[in-house]
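Novice: Sequence:
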Amino acid sequence: QVQLVESGGGLVQPGGSLRLYCAPSRSIFRVNAMNWYRQDPGKQRELVATITSSGSANYAASVKGRFTISRDNAKNTVYLQINTLKPEDTAVYYCSIKTDFGDYWGQGTQVTVSS
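Numbering (the working numbering), first residue to last: 1 to 115.
Note that these hints are calculated values from the structure, not bench results.
All values reported here derive from a predicted model rather than from experimental measurement.
Just so you know, even glycine gets a beta-carbon here, dropped at the ideal spot from N, CA and C.
Any given hint could turn out to be false.
Quick list of in silico lysine to aspartate or glutamate cross-link-like pairs, EDC-like style, CA-CA up to 16 Å [unchecked claim]:
hint, residue 1, residue 2
1, 75, 40
2, 43, 88
3, 64, 46
4, 64, 88
5, 98, 72
Per label pair, the in silico range of CB-to-CB distance [claimed, not checked]:
hint, residue 1, residue 2, range
6, 75, 17, 16 to 24 Å
7, 52, 115, 34 to 42 Å
8, 21, 54, 19 to 27 Å
9, 53, 87, 32 to 40 Å
Make the full structure from the sequences, and use the hints.
Specialist: Written out as structure tokens, the structure reads:
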């Protein structure tokens, strides 16, 4: 069974940066969009960034200009560069990869922004 492995989360001070990584545990095929979501306890999961197979990216208004999503199609890996972090960015970040055969999800990586 394919799993998405995430890394790159951690504790960072306000204004800092992180780079999140997400890669499948084995080869996957017919990959379409790749997404990053986040969820704070007690809140709904929020879509923060999405990137199509052709590289077109879209962002939630709350992160536009600070977050950058990118992908490596050869490795089916998706990245999220997070700059100018704010305390309200604190959440568990999840990646999701859509394929013609179904969607895969990561286990989540914690991002905590605190001084």
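Novice: Each hint: holds or not?
Specialist: Verification of the supplied hints:
At roughly 29 Å between alpha-carbon atoms, residue 75 and residue 40 are farther apart than 16 Å, so this suggested pair is violated. The straight-line distance between the Cα atoms of residue 43 and residue 88 is roughly 12 Å, inside the 16 Å bound, and the hint therefore holds. The suggested pairing of residue 64 with residue 46 holds, with an alpha-carbon distance near 14 Å, which does not exceed 16 Å. Pair hint residue 64 plus residue 88 holds up; C-alpha atoms about 14 Å apart against a cutoff of 16 Å.
For the proposed pair residue 98 and residue 72, the alpha carbon gap of about 14 Å is at most 16 Å, so the pair holds. One distance hint, 16 to 24 Å for the beta-carbon pair residue 75 and residue 17, holds here, with the actual separation near 22 Å. Judged by the Cβ atoms, the range 34 to 42 Å given for residue 52 and residue 115 holds: they are separated by roughly 37 Å. At about 21 Å, the CB distance of residue 21 to residue 54 agrees with the hint of 19 to 27 Å.
Between residue 53 and residue 87 the CB atoms are about 34 Å apart, so this pair conforms to the stated range of 32 to 40 Å.
The structure is inconsistent with hint 1 alone, although it conforms to all the rest.
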